[in-house]
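Listed in order, the protein sequences are those of chains A and B. With our numbering applied, the first sequence corresponds to residues 20 to 149, in that order. With our numbering applied, the second sequence corresponds to residues 31 to 270, in that order.
Derived from the structure by calculation, the hints contain no laboratory data. Please read all numbers here as calculations on a predicted model, not as lab measurements. Do not take every clue at face value.
As the list claims (entries may be wrong) - Between beta-carbon pairs, the in silico distance windows are: (1) A:Pro-120 <-> B:Val-230: 35 to 43 Å; (2) A:His-138 <-> B:Ser-58: 45 to 53 Å; (3) A:Leu-89 <-> B:Leu-224: 22 to 30 Å; (4) B:Pro-101 <-> A:Ser-85: 44 to 52 Å.
Said to hold, decoys possible - Covered stretches of chain B (chain A as the covering partner; in silico rule of three or more C-beta atoms under 8 Å from a C-beta of chain A): (5) 56 to 69; (6) 96 to 107; (7) 111 to 117; (8) 147 to 161; (9) 171 to 185; (10) 212 to 222.
Glycine included, each C-beta is placed from N, C-alpha and C at the ideal position.
Here is what each chain is made of, one letter per residue.
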Amino acid sequence: MTNAAVHMEGQLHAHAHDAVASGAAHAKGQQHPIKLYLVVWGWLFVLSTCSFLVDYFGLHGYLRWSLILLFMVVKAGLIVAVFMHMAWERLALTYAILAPPVAVLVFVTIMVLESEYTHLLRVLFFAAPS
Amino acid sequence: MTETVLTNPGQSPARLEGLRGIAADWASDQRAFKNVSWGKAMMWIFLLSDTFIFSCFLLSYMTARMSTTEPWPNTSEVFALNIGDTHIPMILIAIMTFILISSSGTMAMAVNFGYRRDRVRTAALMLVTAGFGATFVGMQAFEWTKLIMEGVRPWGNPWGAPQFGASFFMITGFHGTHVTIGVIFLIAIARKVLRGDFDVERRGFFTSRKGYYEIVEIMGLYWHFVDLVWVFIFALFYLW
Numbered sequence: 020m021t022n023a024a025v026h027m028e029g030q031l032h033a034h035a036h037d038a039v040a041s042g043a044a045h046a047k048g049q050q051h052p053i054k055l056y057l058v059v060w061g062w063l064f065v066l067s068t069c070s071f072l073v074d075y076f077g078l079h080g081y082l083r084w085s086l087i088l089l090f091m092v093v094k095a096g097l098i099v100a101v102f103m104h105m106a107w108e109r110l111a112l113t114y115a116i117l118a119p120p121v122a123v124l125v126f127v128t129i130m131v132l133e134s135e136y137t138h139l140l141r142v143l144f145f146a147a148p149s
Numbered sequence: 031m032t033e034t035v036l037t038n039p040g041q042s043p044a045r046l047e048g049l050r051g052i053a054a055d056w057a058s059d060q061r062a063f064k065n066v067s068w069g070k071a072m073m074w075i076f077l078l079s080d081t082f083i084f085s086c087f088l089l090s091y092m093t094a095r096m097s098t099t100e101p102w103p104n105t106s107e108v109f110a111l112n113i114g115d116t117h118i119p120m121i122l123i124a125i126m127t128f129i130l131i132s133s134s135g136t137m138a139m140a141v142n143f144g145y146r147r148d149r150v151r152t153a154a155l156m157l158v159t160a161g162f163g164a165t166f167v168g169m170q171a172f173e174w175t176k177l178i179m180e181g182v183r184p185w186g187n188p189w190g191a192p193q194f195g196a197s198f199f200m201i202t203g204f205h206g207t208h209v210t211i212g213v214i215f216l217i218a219i220a221r222k223v224l225r226g227d228f229d230v231e232r233r234g235f236f237t238s239r240k241g242y243y244e245i246v247e248i249m250g251l252y253w254h255f256v257d258l259v260w261v262f263i264f265a266l267f268y269l270w
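Take the sequences, apply the hints, and build the full model.
Below, the structure is given as structure tokens:
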């Protein structure tokens, strides 16, 4: 009865039995003001323009890399948190999805060491004399 | 879904938050994702696996680029275009980035209208999203054509390290495939929304299961992920 009544209000079927307990955040699925999406949209435009300008003005060295990585991480964070609604999910899901990619960073470290070693060997033994 | 319903939903205890909440959810000897449907959970898990695939592509690109003794082609110049008389570096990629971000924005709003059961606006926004996606793929096809005409091949190119072509075609090709699949599914689901399948809980032709408006959000997760991957490709492949 409760389920049926709640369902009529636009409730997700799968959520129907949970929404009663979990409160307003999930009462009608993921409902957030349109303005929030527009603001994030605007920020993504600004950040993309910034990273484009880094290239346009030909910045180099650590300044370039740190700026590019900074804009990349902020953009990725905005997309995941707001557009994909991760900010409003329970931590059990957030951690299950966001923790495993940390392993990729370990992989990056391994491959940086490995490719520096490969590069060294190529320079020592195979590089064409120039 | 009835098998997961507790004996009396009204009396289910309030859920813990924070780290204790994680432990409680995972140790509950029931489903771990308490207020997430199986469809959404599985999309997230699929996206996690896809994250690893794209990570491996970008990692192999990084390894190739770091270990080669030949200079890497200057992407700023490779992807430059002459518009009129002005020579603008990276302009095509910038436009593609803005198009994909815009498609993410319209998709987020489509999810919102979906949960309000506004059929026409949801379907319209999804079709706009699909349009942006198709434009993106079209520009990518243009970019591929331009580079192939200039002599870029997976095994070599006129400007430097031969691994450039292999990395470029592999990474952007796989991403473009994802966008294309997304466009196809966007159109399919927009059609269902417009027809009112999720209002009358019509059963799908393939799975014979009832559909709900949540599928718009699940579709949105996939689409935002495609945008997310592009953020990384844009930074690491094009700008680095």
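Evaluation of the provided hints:
1. The supplied range of 35 to 43 Å is met by Pro-120 of chain A and Val-230 of chain B, whose beta-carbon atoms lie about 40 Å from each other.
2. Between His-138 of chain A and Ser-58 of chain B the Cβ separation comes to about 50 Å, which falls inside the hinted range of 45 to 53 Å.
3. Taken as a hint, the range 22 to 30 Å is violated for the pair Leu-89 of chain A and Leu-224 of chain B, whose Cβ atoms sit roughly 41 Å apart.
4. Taking 44 to 52 Å as the suggested C-beta distance range, the pair Pro-101 of chain B and Ser-85 of chain A does not conform, at roughly 23 Å.
5. By the rule of at least three residues with a Cβ nearer than 8 Å to a Cβ of chain A, the coverage given for the segment 56 to 69 of chain B holds, with 9 such residues.
6. With a cut-off of 8 Å between beta carbons, the segment 96 to 107 of chain B has 5 residues touching chain A; three or more are needed, and the interface restraint holds.
7. Note: the segment 111 to 117 of chain B has 0 residues with beta-carbon separation from chain A under 8 Å; the three-residue rule is not met and the coverage is violated.
8. Interface restraint, the segment 147 to 161 of chain B with chain A: violated (1 residues with C-beta to C-beta distance below 8 Å; minimum three).
9. Counting residues of the segment 171 to 185 of chain B whose C-beta lies closer than 8 Å to any C-beta of chain A gives 0; at least three are required, and the coverage claim is violated.
10. Interface restraint, the segment 212 to 222 of chain B with chain A: violated (0 residues with C-beta to C-beta distance below 8 Å; minimum three).
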